[in-house]
Amino acid sequence: MPPSYLLTSVTFLPLAGTTALFMLRADDHEWIRRIALAISLFEFALSLQLLRGFALTSANYQFVEFRNWIPSPPIHYHLGIDGISLFLVLLTTFLTPIAILVSWKSIEQRVRAFFISLLVLETGTIGVFVSLDLFQFFLFWEVMLIPMYFLIGIWGHERRIYAAIKFILYTMLGSILMLVAMIWLYELSGSFDLPQIQSLLVSGQVALSFQTELLLFAAFFLAFAIKVPLFPLHTWLPDAHTEAPTAGSVILAGVLLKMGTYGMLRFCLPLFPEAAHRFAPYVAVLAIIGIIYGALVAMVQTDLKRLVAYSSVSHLGFVVLGLFAFDPTAVQGALYQMLNHGISTGALFVLVGMLYDRRHTHLIREFGGLASPMPMIASLFLFVSLASAGLPMLNGFVGEFLILAGTFARNVSWASSAAVGIILSAVYLLWAYQRVFFGDLIYEKNRTLADADRRECVVLLAMAVLILWMGIGSVSFTRRTEASARNVFVLMQRPQAYNARAILRSIEPLRSGGVR
Amino acid sequence: MSGNLAQAYAPLLIHLLVALGLSAILLILSSLIGQHRPTREKMQPYECGITPVGDAREPFDVKFYLVAMVFILFDVEAVFLYPWAYVFRELRWFGFTEMLLYILILLAGYVYLWKKGALDWNPSKTQRDRQT
Amino acid sequence: MFPPRQDVLRLMPEIILSLSGILLMLIEPFLSGARRTLIVTLAALGSGLALVSTIYPATLPGTAFSGLLRIDGFSVFVHVVVEAVAFLVIIGSADYLDREKIQHGEYYALVLFATVGMCVMAGAAELMTAFVGLETSSISTYILAGYRRDVPRSNESAMKYFLLGSFATAFFLYGIALLYGATGTTQLARMTFPTTPGRERLLDLGLGLMLVGLAFKIAAAPFQLWTPDVYEGAPTPVTALMASGPKAAAFALLLRILATVGAAGTFWFWALWVSAALTMFVGNLAAIAQSNVKRMLAYSSISHAGYILVALAAAAASDQVELGVAAVLYYLAVYALMKLGAFIFVSQLGGESERHMEIDDFRGLAVRQPVAAACFALFLLSLLGLPVTSGFLGKFYIFNAALASRLIWLAVLLAINTVIAAFYYLRVIVVMYMRQPNQTWPPAPMPWAVTFVLSIAAAGTFYLGLFPGRVMALATQAALSLPGR
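Line by line, the protein sequences give chains P, X and A.
Using this note's numbering, you'd call the opening residue of the first sequence number 388 and step up by one each time.
Using this note's numbering, you'd call the opening residue of the second sequence number 213 and step up by one each time.
Using this note's numbering, you'd call the opening residue of the third sequence number 1115 and step up by one each time.
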C-alpha cells in the first residue's frame, strides 16, 4: 500500500485551520464563525474518507503511518486506526461542527479564541484516538486538557473557574501516574510502540510479573477511570459539564469521556489481561453502582444540565460494565454505547443549551409547558430522550442490549442489576421532560419563546437522523467494529510458559530501593 | 609520623605557651600587687594623651571602610607575589608574563577605583553626583 | 613564554567574558553622558562572542592548564547553557535598569564575571579551581542581588545571600580540605584511587560537607531557606540569572564529582534521594501559599531543583550514569530557558520599582497583552510540565532515568508533585485569562529587547518540547564524555 497521509491530515487539519483564524481580525466575528465552520465541515468530509478505505474484516491497524521522531528513548510518530477508533474519530469530527453551530450566537466574547480552542481540542482528541505510540498518546491526552480548560474557564457559567481547575487537577492526577507507568512499561519492554509491546507480550518475549502487571494496570486504569468517570471518581464531571458552555459540554460528553473507555479497551485489557481479570469484579461493581447512583442522582436534580451530566455517569457505567464482562458481544455493545452516548447526550446538551440561550437558566422549575411555544424543540427533545433511555429502534437500545446480552453470559446478577439502570433512565428523562415541556405555562415570559431557527434545526435534525440510523442500521457500524472487538481477546491471550515465568519473576523481589 | 610532627612543632608550642604564660602572669601580678586608686581622669579611655571629646561610639564615615577595604584588597593581592618570587627562576618567562597579566588586571581595578573617586578623600560635587 | 596555544583556546569563552567585563568596568568611569547603548551593546557583544567562541573548547577537548580544567562535551554543554543565559539576561536587563535608574556598566561587568565563575565551575577538574569558580560566581551575584541600593529588600537579599552563601562556600572548602586529607590530591580524577585504610571516614565526611555546600547553591532542602527572600529582593533580571545560571553550574559540579569520584555515588545516594523528595514538597507546598508571583516563582525554582535532584539520585543509583546525567543536562537547559523567560516577563510587568508583583496585578492580562500573556502562560505550562512544552520532555527524561534506576517511589513522588504544582501555576493562568482586566493601571508596552528575549525563550521552549532529538543527543554525548568511575 502506498503511504497515505490521510490520518495525519485528519489529525492536524483543524490545528492548521487555526492559522486561518489567526489571520482574521479579532472582531470580525461573522467570518471567524464561518471559517471555523468551514474548516470543521471539511474536516468531517475528510474523515469520511476513512470509511471508504477501511477494510471491514481486518483487525489490524489501518492507514498506518510510521516515522522516527525521538531517537532516544525510541519514540515514533505512529498513527493508525482500527474498528475501535474509527468511529470515535468520526464521532469527533461529527460533533465539532455541531459544537461550532451551537456556539454561533451564544459566544459573543473573545470569539476567535473560542473557535481556536475548539479546533485545537479537535486535533487533540483525534490525536488520542489515532496514536499508536504510548508517548504520543500521552502527548495528545495531556495537550487536549488545555483548550478544554480554557473553554470551561473563560466561556463557562458562574462557577466556571472552580469547575475548570477541578477538571484539570483530577485529570492530571491520573494521567501523570499513567506516564510513570508508561515509562516503566518501556523499561520492561524496551519500546513505546503499542503494537510492538503488544506482540512482545502476546508472544511471551516480555513477561510481566503479576505484581508489576497489577501496578501498571492500576496506574493506567486510574487515569482512564477518572476520565470516564467511574463512580467514586466522578465528582469533577457534574461541575465541568454544568459550568462549561454548550459546545464544551457537547465535546466533553460526546468525545472526552470516551477517551477513558477507549483507553481501557486499548491499553488496560490487552496489555494487562491477568490484572484486568483480577480487578474485573471490583470494576463491575463500581460500574453498576455508577449506573444506579448516577440515575438516582439525576432524578433529584433541579438543574436540567446537571441532570444530563449525571445521566452520563450512569450511561458510561454501562460502557465500563460491557468492557469488563470480557465478552466480544459486550465489548461491541460498549463500543456502540460509546457512540450512542456521544450523540444522544451531545444532542441533549445541545437542546439544554438552546433552552439556556432563550431563558438563561438551567433550572427545571423555571420552565413548564414549553411544548406549545416551541413544538420543534419539544418533539426533538422527546426523541432524543427516548433514544437516550434506550427505546427500541433508536440507537441507545442497540448498545444497551448488546452489553446486557454479553454480560448475562458472564454474570447474571451484574446484568440484572444493571438493567435497573435502564428503567431508571427512562424515569428521570421522561419526568424531566414532563416538567419542562408539559403542564401549564407558569411563567409569562416562557410564552413568547422562539422555536428552533434554521441553524438549530439543521443541528438537531442531523443528530436525530444519525440517532435513527444507528437504531435501525446498526449493522453498518457493528460489522466494522466486530473484528477489532474480537481481536481484543486474542491480544489478551498469553503463552502457557508465561505463567511459570510470571511466578518466577514475582518471587524475585521488586527492587524499588535502587541501591546498587 | 605524629611523633615527627610533635618534634617539629614542639619549639613553637613552647614559645606560644611561654608567651601566653608570661603575659598572663604579668597581668595577674600587677592586679594583685598594685594599688588601685581609680579617679575620673584615670578611667577615661586613652587617646594619645588628649582629653577625649564626645562619645567614642559614633558612626564613622564610610570613607574609612572604603580605604580599609581597598588596602586589604591590594595588600592581600601582594601575598601572591611572595610564592611567585620563590619560584620565579624556575618559571622563567612563563612566570613573568603570567604575573604581568595578573598585575595588569590589578591595575585595571586600581584605575577603576581611582576614576570612580574611591581614593578621593574629599570628592568634588560633580563626582559625587556621578557616583549616585 | 606563553601557556600552550590549545590551553588558551580551550579557555577562550572565559577569557572573552573576563576581558569584556574588565572593559565595561573601565568604560563606566571614563565615559559619561549617553553611554547606555554602548554599554549594553558591549555587554551583549561580549557574552555573545563568548557563546560563539565555545566552538574552540567544543572542537578541542582535553585537559588544560596542567589538568586544572577538563574541557569535554559535558563542560561545553554547561558552558553553552550558562553563556546563553548571560546573553539573554543582559539583553533583558537593559530596560529594567533604565526604569530603576541603575543603568551602570558595573552591572553588566558583574553579570559577565559571574558567568566566568560558572564556566570555570563547569570545566573544573580540580577542586580548588572549582572553588575559585564558585566564589567568582557567588561574589558577583551577592553584589548583583543588592544592586537596587536604595531598596531595603534588595539590601536584605544581598546580605542574606552573602552570609548564607559564605557559609556554604566555607562548608565546601572544608570538604575540599578533608578530601585532600583523605586522598592526598585535589584532582578529581585521581580521587578514584583506593584510599589508605582509616581514611574512608574522612573521605565520606569531606564528600558530605561538599554536598552541603553545593546544596546551598542549588537551593535543595533543607538548605533552601534563603531562596525565597533572596530571589524576591534581588532585582528581577538578577533573579532570572540566579535561578538559571549558578544553579546549572552548581549542578554541573555536583554531577562531575558524582561521575568522577567513585565514592560519591554510593555515599550521596540516600542524601540525594531524601533531599530530592523533601525539596519537591517544600517548594511546591510553599508556592501554593504565595500571593506574590515573584516569590511563587522562587519557590517553584526550589521545587525544580528537587526534580533535577531526582535525576541526580538516579545517576547515583545506577552503574550507567549517562541516563541520569543526560536527563539533568537536558532539564538544566530547559529549565534555564523557561525560568528565565518567566522572570524576565515578570520584571517587565512589575513596572517601576517592581510594584506590580501581586498575583492580582495579572488580572485580565490576556485581554490587554495577548501575546505577552500567551508567552507567560507558555512558560508556566512548561514549568508545570504539560506536553508540547520543553518542561514535559525534561520531566519525561527524569522519569525515564529514575525508572531505569528503579527509583519507582521517587518517580511517584515526582508525579504527585507535578499535580500539586499544577495548582499554583494554573492559578496565575486563571487570573490572566479568566478574570476581568485590572482597571487601575495599564501595563507598559513591551520594549523590543524584552520581546526579543521572551520570543527566544518561547521558541526554545517549543523546540525543546517537540524536537528533543538533537539536544538530547548532545546531552548524552556530554554525559558520556565524563571520565566515568
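Just so you know, these hints were derived from the structure itself, not from any lab.
Backbone N, C-alpha and C define an ideal beta-carbon position, used for all residues, glycine too.
It is possible that part of the hints are untrue.
What follows is a list of derived Cβ distance ranges for each label pair [to be verified]:
{"id": "1", "chain 1": "A", "residue 1": "1288", "chain 2": "X", "residue 2": "274", "range": "29 to 37 Å"}
{"id": "2", "chain 1": "A", "residue 1": "1288", "chain 2": "X", "residue 2": "229", "range": "25 to 33 Å"}
{"id": "3", "chain 1": "X", "residue 1": "229", "chain 2": "A", "residue 2": "1434", "range": "41 to 49 Å"}
{"id": "4", "chain 1": "X", "residue 1": "262", "chain 2": "A", "residue 2": "1288", "range": "24 to 32 Å"}
{"id": "5", "chain 1": "A", "residue 1": "1555", "chain 2": "X", "residue 2": "270", "range": "21 to 29 Å"}
{"id": "6", "chain 1": "X", "residue 1": "254", "chain 2": "A", "residue 2": "1467", "range": "29 to 37 Å"}
| request: Could you tell me which of the numbered hints above are not met by this structure, giving the numbers in increasing order? | output: Checked against the structure, the hints that fail are numbers 3, 4, 5 and 6, while the rest are satisfied.
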